[in-house]
Structure formats: structure tokens, C-alpha cells
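Number of protein chains: 2
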Amino acid sequence: MVSRSGTGASSQDESSKGKVGMGKYTVGLDIGGTKILGALLDPEGEVVGTVRRATVHGADGLVAGAAQAVRDVVASGGVELAALAGVGLGIPGIVDHRSGTVKHAVNLGVHDDELPLAELLSAELGGVPVVVENDLNVAAVGAAHVLERSAPGGEAREHEDLAFLALGTGLASGLVIDGQLRRGVSGAAGEIGHIPVDPLGPECTCGQRGCLERFASGKALEAAWPSRHGKPAPVELFEAARAGDEQAIVVKDRFAAATASAVRLLVLTTDVRHVVLGGGVAQLGTELLDAVQDALREQAKVSSFLGSLKLADRVQLAATHVPVAAVGAAVLGRRS
Amino acid sequence: MVSRSGTGASSQDESSKGKVGMGKYTVGLDIGGTKILGALLDPEGEVVGTVRRATVHGADGLVAGAAQAVRDVVASGGVELAALAGVGLGIPGIVDHRSGTVKHAVNLGVHDDELPLAELLSAELGGVPVVVENDLNVAAVGAAHVLERSAPGGEAREHEDLAFLALGTGLASGLVIDGQLRRGVSGAAGEIGHIPVDPLGPECTCGQRGCLERFASGKALEAAWPSRHGKPAPVELFEAARAGDEQAIVVKDRFAAATASAVRLLVLTTDVRHVVLGGGVAQLGTELLDAVQDALREQAKVSSFLGSLKLADRVQLAATHVPVAAVGAAVLGRRS
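Protein sequences, first through last, are from chains A and B. Taking my numbering, the leading residue of the first sequence gets 1, the next gets one more, and so forth. Taking my numbering, the leading residue of the second sequence gets 1, the next gets one more, and so forth.
Hints listed in this document are in silico derivations from the structure and should not be mistaken for laboratory results. Treat the hints loosely; a few may be bogus.
The list cannot tell twin chains apart, which means a pair is met if one copy fits it or any two copies do.
[To be verified] Straight-line alpha carbon distances no greater than 30 Å define the calculated DSSO-like cross-link-like pairs of lysine-lysine that follow:
no.	residue 1	residue 2
1	LYS103	LYS301
2	LYS219	LYS310
3	LYS310	LYS103
The following block holds chain A by itself, in its conformation from the complex (with noise of 0.2 Å):
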């Protein structure tokens, strides 16, 4: 549905220009725990306006903090909020994108109980139709939104086709398939951190033993390799091996190649063409990907099977010029 609906704008602004721009600007915006990222999508889809605020706990603080958030995007890009087609939200928590409405998402003070949240962010910004997705689905979204502007030839990639592997405190993953966002029958899809890969791995909050996250994910690196210096386990690890620091060698290596056999597990089941590297980890950047290309080259040694999949080249870095999440949020608000 993703690209299809971006599909649809455009051909619809093609058919009826001049009168459509004004209701086809939309908004997304990505609630985090500790911010909320807004993007401003023009009618052509190109990013026109950022903005980023603290997050307000509770659902009353959520609420307000997101409507003003549409509003400041909104302002930021010289757009009244009647021009907008949608809103587009991206949270973590269970999210049932058809009532609009979450539940369990703890880090912004959500509980058990259900909150409405379409229906009270529209109602607070005068009947703008309001979508909620789940976080990793609008990270793949936008992922592949940004692909499908930046590839070359734009036609042949309308329909972008990718995982967006989030490493984040654990381990999971959204999915565009040919160009649609695959959610599952469930919303399970994706879900690779809690498949196991090890009978003897330690065991996992899950319940299971050996999951993927134990071995692929911030909290896993941050358990092997504490951070000691006030900054983000990842870096530290990464500046101890680049200083040549032995163990952290040893961590670094077998953090990479877990997370290659992420990359593995999710092309041999979907075959997607990219998978994009994205979550807090990712901000290694560049010393990230290569530690992990350089690991699927050294597993493809051993296999010409794996070898002819050319799992190195489909791996790649979410963007960082534009806030990935906010983007495919954005994205998915167009068809509300």
C-alpha cells in the first residue's frame, strides 16, 4: 500500500494539477521515548519541513506534545494545517492501525489500557485524519520512500523492496515488500530477534533460548561489553578495537557477524533487494556497515550458495539527511 499510495499522488497531481497541492501536503511523526521527530511531506513527496521536540509522557502529554509538533512542522515548511491530507504516526507499543489506537507502550507512559490515539490527535487538530503504525513499519516505509527518490532511472525502483533492520536496544525488523508494507496476519512480521539460532545461547526474556536479540542487538553488546566511559557501549567497543584493544576485537567481530546473520535470515526467507541498517546502533555509521559487510563476505567463503546471493551489497545505512521514521510516517499519512 506504501508505494501505491505515492504512486497515487503523483499521478493524481499529474491528472489535476494546480488544484491538488494544497491538500496533499501530509505529516509524519516518529514518537520516541526520549523525542518526537516530525517530518513535512510536499505534494511531490520531498521532504520540506523537520522538527523535533521532547516526548511527554502520559497520555494526555503525548497528545498535546504530538499536535504541537504538527503544528511547529507545519509553520517550519509555510503551511497552514488545513493544507494537510493526513497525519502519520509512528510509535512503538502494539499499535492496531486500523482503530488507530495503542496500548503497552511503556517508555511513553502508555499501559494496559488502550488509547485512541488517531481519534484524539485528529480531534485536537480540527479533523485532520490521523494514522498509527508501528515504529519499525514506518522505518521501513521511509527507508524505502528515500530509496525510491534517490535511485537512478526512478521508474524501474517505484516499487522499493527491503527490510529495515532496526538495532536497537533488541533486535527486529519492518518489511516493504515489492514496493507494500508487509505487517503479517498478526503484526508478527518481522519479528526475526526471537527466532533461535543457538540451543545453547543464553536464555532470552522472550522465554526461548538463543534468540537472534541475545547475540544481535545494543542490549547484547552493551552485556559483552560494557560501556565504561560514559559513552554509548557501541562506541566505546568500537574505539577499544580500533585502538587495537584484543577482546574488544574479539566483541566487535562476533557482534558483526550476528548481525550478518540477521542479514541472512531475513534475504533467505523474503529475498528483499536492501536491507537497511537503522536503530541506535547504526549511528556507528560507515564502521558499522563494514564490520558487517566484511563479515558476510567471510561467511559467503565458505558457501557459493551464499556467495551468489551477494548478501555484502544488499546491506546499507538508513539515511541520516532526513528523519527516516518521520518520513515513512508521512508516507503511510497520505492514505488516511
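With chain A fixed as given, assemble chain B onto it according to the hints.
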């Protein structure tokens, strides 16, 4: 594209009733190492004829045998060859569905040279369009077609969503995602047999170690419980387990658990609605299904997250009242 062509056909039937029928029959062939199974679909997608022939190896024999199978199944349905809108073939080996070629179908006597199977068969059949597809993909499409037609309240299930998990000599799956066949960008979607799940597991022919196929496949089962009485190894194993042989019970449980792991892996990546068990080992029938469902329930006991996915409810056996892969090939033949 799968369901869309099915849906397209039926809406066309409605809009131009009476004149469509004759051109809308299709034939599908499932070409295996020992036999060719064929199915004739009528304009409504109903199976109105089937056929079974021995496979003749090598390029010439393959084309001649396939042509004869098409003629036979058309005749069995009381239809003329001229009534065919298209023919679909499902075949093992490396298939290029765009060019209609196949290579490395070693079981069929097709080796390194690319065989332009679609073109040759089409010429043999007087120009009927022919499409060629990977055997797992046609099985997945066929399983989806059967499920769509058997679902109560049809409309809601128009776009089936499943993985066809083939427990053959090896382990692999075909995917139909929201009614669309998922090939993947390099045709590797569903190749879960070569995902490593045990770092200390046995070496795999693919070059890696501890691949899922080494635990959940006909080959793995036969290695753990070699056939001793002239029956297929899976049959002997399950018989021995039923008779109370303790070692057989252990081997059977391990096999069921490994197959359950494959189901879990498919759902945690793609979150498909159904996982359909097929391939030679699935001929065990309900005894296999029961064992796999028990293993899934056992695994879910330790994890409420897994429990919430209701994995055991998603698993079923491939239909046996129709040749599923041949039906899927015929569905794809509609597109030609």
C-alpha cells in the same frame, strides 16, 4: 499476481459471460524426477481433469512427455487444445520465469545448458502460451488457490497468505504473501533450509554448519533413522515410535521439533496466515501434523510471545484430493 489473475478471471467472466469460457481453461503440470502430474482448470478455477505420467528424462523426452500430458489432461476434461488460454509448468532446478528457461534440473536430465522449455513446449502445442516456474512456487500458489476456494465466506479470503513448507529430500518453502507469489529479487525467497540454527550442528552440503535442513528434511530424518524394512524412512520411524521404540520416539520428537522451528521461523519473518506442510515426508499425513502441532504447543509453553502467535493453529497438511502443485502451475498459466 496469483490471486489477482484468479480474481481477474472471475470478474471478466461476469462482465462477458458466455463468450469467455472456451478461452479460459488452463493446464498445469508438476514435473518431478519420476512423474508428471497434470491438472485442467475450468474458467471458474475448478479442477476438471487430472493426469499422471512417468517422466522421460532429457530435453527431448521432457518436452514430448509434457506435451502428451497436456493433451491427455485436456482430453480427460472433454476440452479441445484450442480451448486453452495457457499452460503452466512447475519444475525443479533453476528456473527463469521471465524467459521460460530451466537449467540444473539434474533429476530431469537437464544439466548446465539452459533449456528454453516454455518456447519448445509452446511450439509443440501449436502456440499455446507456456509459463515455467519453480516447483515450490507452483506448490505455494496451488495451496493458496485450494484454500481460497475452500474458505467459508470466500470474499474475505480472496488473497490467501501462506508458506508452503516442503519437507522433501531437502527443506525449502514457497511463499504467497497477500495473494501474491513472492519470488524475491534473486528467486531465493523461502530458502529457509540454509539458515544456520546451531553453531555446533553438522556441516551442510551448502558449505555452512548447522543449517535447518540438517534437522528438518527427509534427508535428515533418513540419516537419523535409516530405512531398514524397505519402506520410506519416515514411515518406518513413525511406525517404530507408535510401537513404543524409545529411540524412535526421541528421533521423531526431534524431527517434529525441528519442523516446528521451521514453522516458527517462517511466521516470525513473514507472519503468514497458514503454513502448509507438503513434500514427501508430509505423506505421513495427520500423524506428522499432530507431532508438529504438539511440538509447537510445547515450544509456546515457555513463551507467552510465541503463544500469542498461535502457531499450531496455522499449520495444516497440503490438500491431497487434488495435485496441488499442478493446480498452482495451472493458476500461473492463466497469466500467460
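Those earlier numbered hints the structure runs against, lowest number first: none
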